[in-house]
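> Protein chains in written order, with the numbering used here: chain A, 16 to 266; chain B, 236 to 579; chain C, 302 to 439.
Any given hint could be a false lead.
What the hints assert, rightly or not - With a straight-line cut-off of 27 Å between C-alpha atoms, the simulated BS3-like cross-links for lysine-lysine are:
no. : chain 1 : residue 1 : chain 2 : residue 2
1   : B       : Lys249    : B       : Lys403
2   : B       : Lys454    : C       : Lys393
3   : C       : Lys393    : B       : Lys403
4   : B       : Lys454    : B       : Lys403
Just so you know, the hints here were simulated from the structure itself, not pulled from any lab data.
Just so you know, these numbers come straight off a predicted model, no measurement behind them.
Chain by chain, the residues:
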Amino acid sequence: MRARDEFFIGFFPIPPGLRPFLAAIAVALILLFAAAGWFAASTQAAPEEAGFRFDFGRQEVTGVLSLHPYPVIRVTEGSERLAAGRTVMLSGGGKFAPPQAAALDGRLVKAGGVILRRGDLDMLQIGGGDANLAAAEGEAPALSPPERLGRWRLEGEICDGKCAAGAMRPGRDLSHKACANLCITGGVPAVFVSAAPVEGAEFLLMAGPEGGPLPPEALAFTAAYVSVEGEIERVGDLLVFRIDPATLRAL
Amino acid sequence: MSVSYIPVQWNGFKHRYNLALALAVGLYLWIFVELGPALLGHANPITPQIHNARAFGSCAFLMMSVILMIGPLARLDVRFLPLLYNRRHFGVMTALVALSHFLFVFNWYFVFTPFPSWEALLFSNTAYDRALGFPFEAFGIFALLALLILAATSHDFWLSFLTPRIWKSLHYLIYPAYAAVVAHVTLGAAQGVRGLAFPVLVWSLALVVAGLHLAAWRKERRAAAAAGEWVPVCRPEEIEEGRARVVRLSGGERAAVFRHEGRFSAISNACAHQNGPLGEGRIVDGCVTCPWHGFQYRVEDGCSPAPFTEKVPTYRLRLRSGTIELDARANPPGTPVQPLEAPR
Amino acid sequence: MMLSPAAAMSNRVARIVAVQTAALLMDLARLWLWAGAAVSVPFLLWGVGRVEPNARDSWAFRPLLIPGVLLIWPLVLWRWFLLETGRDDWAKRHLPPRRAHAFAALLLAVLIPLTIIAGLAIRQGPPAGAPVLLEAPE
């Protein structure tokens, strides 16, 4: 009897003529899954060189806190890894700004936390409580005013500064878009990852046209390559990109 | 088939089927999750939660593709029918793997936020007006819900309670769900700076699935329906002993005319269990046996032998000028009909 | 060109609407599941035995039905009603929705290639454009 004439009934033994065929299918299925697993795993691209730097230890700095457009500290007394004169973005322990920051805008503060680093992008993750972020003794010193660098058109990707700095690897691309939007909506600094350095910087803190946080319509353009125009100014060592949302265009 | 329902019916074949399946799936996940990071050797490894989400997501897609290949393959070549037999266990396993993918994603991308996570799943990206940046999660949520509905209604009770017609209509959800998963991957993981190798794997599988369905559909399309009260079937000698000839009736029904011990009887072609094609089955121990799950019916009255209780409609037959004719008006399920004697 | 205050406001409103719509959808989903839970109690205790002779004395399999009832309880209620009132049409049990196969085959054959083409069309490579200074600072 040819295999095609064998009649399979589930609760009876498998007809002898069908056995080799079914055994071959089972082996093929297992091999297919194993090969597919190997292949699919091998296609996963390497994430950026970025991440938490627990190896640096806890960093404590003093500086002036600004909440506009997003929480940053302009360091006046630095630590081993964050020198005085730097402007460092801040985030809380999750997808939000440090909650203590709300009451400290413009004040001299002491901040402590762990660094997330990707290239020249530093983000200080700050835990809850006064021990990690509180007003410091003394008046906030006068800082150098922002230096205006003109109106630019840049190409690159809008990311949340925390995941882009390595809190997640990868912390970019469309599969990460919802998370990036959630971070930005929660008050984590939005960052423009420029395709080519602008005035020496690859990562720019983003702001809305009036200098506030990103307007909601910009969320439609996150996590993909876009071109956008806006004013750039240098605040300490950090470039701030005040975008004009009407010029956002997917590439 | 069961006299009374039990949680899961097991037999030797199902055990071996599930063993092969568990080995295949386990191997995929083990290679991706455990060997993957070493294989890739990234200086900055992918976050484990994200790596796991990718492993389970891609595995669920592969499982869904293979499941969807079984149906058309069995229609193109009957040797694949045994794979169809235990497909529901395959399906339930797929739903669980897909659910794991969702949980890895949900418990990473949508937590640690001041917003409620379930709501965040829906509002974090609302760019429904564009392809690039489209909230591809929506396709995934739809597909996962479909898989969960299918898995949750896979017990035989649901077939009988909903009727095969409604049950099958519900389970056709698998097709839009599959299309949605392809869109989910295409607008999500397939975009960005990662290479084309993974999207090409996904797209190739999807094209094979679509191609097989087209091929099986073309094969089914031939044969036209016959109209009238008495419908000609064929000459008696054209039906082999223990086999059937299927006639399509104008109402969309199909009847199967069987030859058993030289005499002819007709029953509905649709099995009472899952509407499997009885006419493609055989007569085993005097009973028509469904090629899908082995449900059996006596050929003269369409009743399952005791203690089983399934019934299918029967049809009357007559012989006119050497041709078997069938009365297109079905008898209620389980109506005995005297078999038609045909001269040699 | 700056976004007008009215446009900016409408964007913020759209965002709030999105958040509230999400909350509403989730509330509806929770309500759906609770309704399913309410249906599952009488259905599993009494209904199953009444509509399905084979299930009359079987209890072990009934918990397996809970997820199904939670998800498709309106369909459960409708079928229960048809069976209780004797309105079920036996002939329909033997009329599988065969045409759906053709529909499914065509659906996949059209949607999958379209999706792939769309996916390839929108794929982005790394941008090559260098930063452009449009207006130097005053």
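> Decide, hint by hint, whether the structure agrees.
Quick rundown of the hints versus the structure:
1. B:Lys249 x B:Lys403: 22 Å, holds
2. B:Lys454 x C:Lys393: Holds: Lys454 of chain B and Lys393 of chain C sit about 25 Å apart, inside 27 Å.
3. C:Lys393 x B:Lys403: Holds, because 12 Å separates the two Cα atoms, which is no more than 27 Å.
4. B:Lys454 x B:Lys403: 21 Å, holds
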